[in-house]
Amino acid sequence: MKHLLGKLILALFTITLISSAPPAVDAYKIGEQASDFSLKNIDGKMVSLASMKGVKGYIVIFTCNTCPYAVMYEDRIIDLHNKYAPLGYPVVAINPNDPEVKPGDSFSAMQARAKEKAFPFNYLFDEKQEVFPAYGATRTPHVFLLDANRYVRYIGAIDDNAQDASSVSTKYLEDAISALQAGNNPDPAETKAIGCTIKVKS
Amino acid sequence: MLSGSFALQEKPDFERFIAQDSMTVAVMDYDQLRPLLHFDNDTTYVVNFWATWCAPCVQEIPFFVQLDSMHADDPFKLVMVSLDFKKDYIRKLMPFVQERELEEYVVVLEDNRANFWIDDIDSSWSGAIPATLVYKGEQRAFFERTFHHVDELNDIIKPFLKD
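First to last, the protein sequences are chains A and B. Start counting the first sequence at 1; every next residue gets the next number (our numbering). Start counting the second sequence at 1; every next residue gets the next number (our numbering).
For the record, the hints were derived by calculation from the structure and aren't laboratory data. Just so you know, even glycine gets a beta-carbon here, dropped at the ideal spot from N, CA and C. Check before you lean on any hint, since a few could be wrong.
Said to hold, decoys possible - Partner residues aside, some chain B positions facing chain A, computed with beta carbon under 10 Å: (1) Ala114; (2) Phe116; (3) Asp119.
Said to hold, decoys possible - Capping the alpha-carbon separation at 20 Å, the derived lysine to any residue pairs in SDA-like fashion look like this: (4) B:Lys86 - A:Ala165; (5) B:Lys77 - B:Asp42; (6) A:Lys117 - A:Gly44; (7) B:Lys87 - A:Pro68; (8) A:Lys83 - A:Ser178; (9) B:Lys87 - A:Asp75; (10) B:Lys92 - A:Met72; (11) A:Lys201 - B:His149; (12) B:Lys92 - B:Val58; (13) A:Lys102 - A:Glu74.
The shape of chain A in the complex, shown without the other chains (with noise of 0.2 Å):
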């Protein structure tokens, strides 16, 4: 009850804001239950979080080819699958950019990238663009964090510091699974950062 009188405040508010408000009215909030999907990967077969047994959660992050951002976090993408993967929290990449707009996000270039960077995780591809909307993804790289449940755990960015992984003074996604290891709610729950806008037709 508690949780519908929030969304209803929260639509509200929406309505009043709609005219400046970005599309993702809908984003998540952290505590709520984020949905499955079936998108296809780089392999050409269909993926779900449902599809992957015995994770202890899933580290979603809408990512892409061609926004710097994203590209400066691809080797650290890598690792965190490659440490946590075996953990129970494997990485799910979703590419969310419409091709049209962007053909270097193009399926092909998917396979083509993920070939040349040997990606350990999926990389999907939200072709329809219903997958990040329903999130609320506005950028990328931009990271959420299920625990076993899909419940939303962790928003925001991976760590604080694009530009040189070497200089990062706080990780704030390890941070978030080591908390959920723990047993406990992360803290931060939510960061920011700046990347590039989700590419669809305007």
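The hints should help you fit chain B onto chain A, whose structure is shown.
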């Protein structure tokens, strides 16, 4: 330099500049930028956050420049805050600033505390660029979007100029 865009007493002391040919662009941290987002006077400020690597940002820049020339006689100032990467300052940013004749508008924000300053600039901002702040004194509006025509911008600033 900010070449007369800001009255001298309003200009923070910048310690760093990027200089190339005859051009100079100030590099600031957020503490130095913040006063530029909070002038308390009768001028309407349009502050655009952009980078040379951001295609939609580059596409909308001509509309901001047009807006500035439309309001040459009004209390209006355009500030273009570049979020370019350090490695691109000399190779990409400065040639772009020169080619587009943007020197009078551009400052560079170089500050890793994005998780702090994004919210401080506007709590509705997710961090995606382009993004634009319009303000006059306490009156503020923020737009996380791309503009496709100068009229879209002009419609936004008209009420600011009028009040």
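Results for each hint:
Proximity of Ala114 (chain B) to chain A holds as hinted, the smallest CB-CB distance being about 5 Å (cut-off 10 Å). Residue-level restraint check for Phe116 (chain B) holds (minimum Cβ-Cβ distance to chain A is 9 Å; threshold 10 Å). Contact between Asp119 (chain B) and chain A, as hinted, is supported at the beta carbon level, the nearest pair being about 6 Å apart and thus within 10 Å. Distance restraint check for Lys86 (chain B) and Ala165 (chain A): the Cα-Cα separation of roughly 14 Å lies within the 20 Å cut-off, and the hinted pair is therefore satisfied.
Note on Lys77 (chain B) and Asp42 (chain B): the hinted pairing holds, with a Cα-Cα distance of about 11 Å set against a maximum of 20 Å. Distance restraint check for Lys117 (chain A) and Gly44 (chain A): the Cα-Cα separation of roughly 18 Å lies within the 20 Å cut-off, and the hinted pair is therefore satisfied. Proximity of Lys87 (chain B) to Pro68 (chain A) is assessed by CA-CA distance (about 12 Å); at most 20 Å being required, the pair is judged to hold. Note on Lys83 (chain A) and Ser178 (chain A): the hinted pairing holds, with a Cα-Cα distance of about 12 Å set against a maximum of 20 Å.
Between Lys87 (chain B) and Asp75 (chain A), the direct Cα distance comes to roughly 18 Å. Compliance with the 20 Å bound is thereby established for this hinted pair. Only pairs whose Cα atoms come within 20 Å are accepted, and Lys92 (chain B) paired with Met72 (chain A) is accepted, the gap being roughly 17 Å. For the suggested pair Lys201 (chain A) and His149 (chain B), the alpha carbons sit about 16 Å apart, so the restraint of at most 20 Å is met. Between Lys92 (chain B) and Val58 (chain B) the alpha-carbon distance is near 12 Å, which keeps this suggested pair within the 20 Å criterion.
At most 20 Å may separate the alpha-carbon atoms for a hinted pair to count; Lys102 (chain A) and Glu74 (chain A) meet this at roughly 18 Å.
In the structure shown, no violation is registered for any of the earlier numbered hints.
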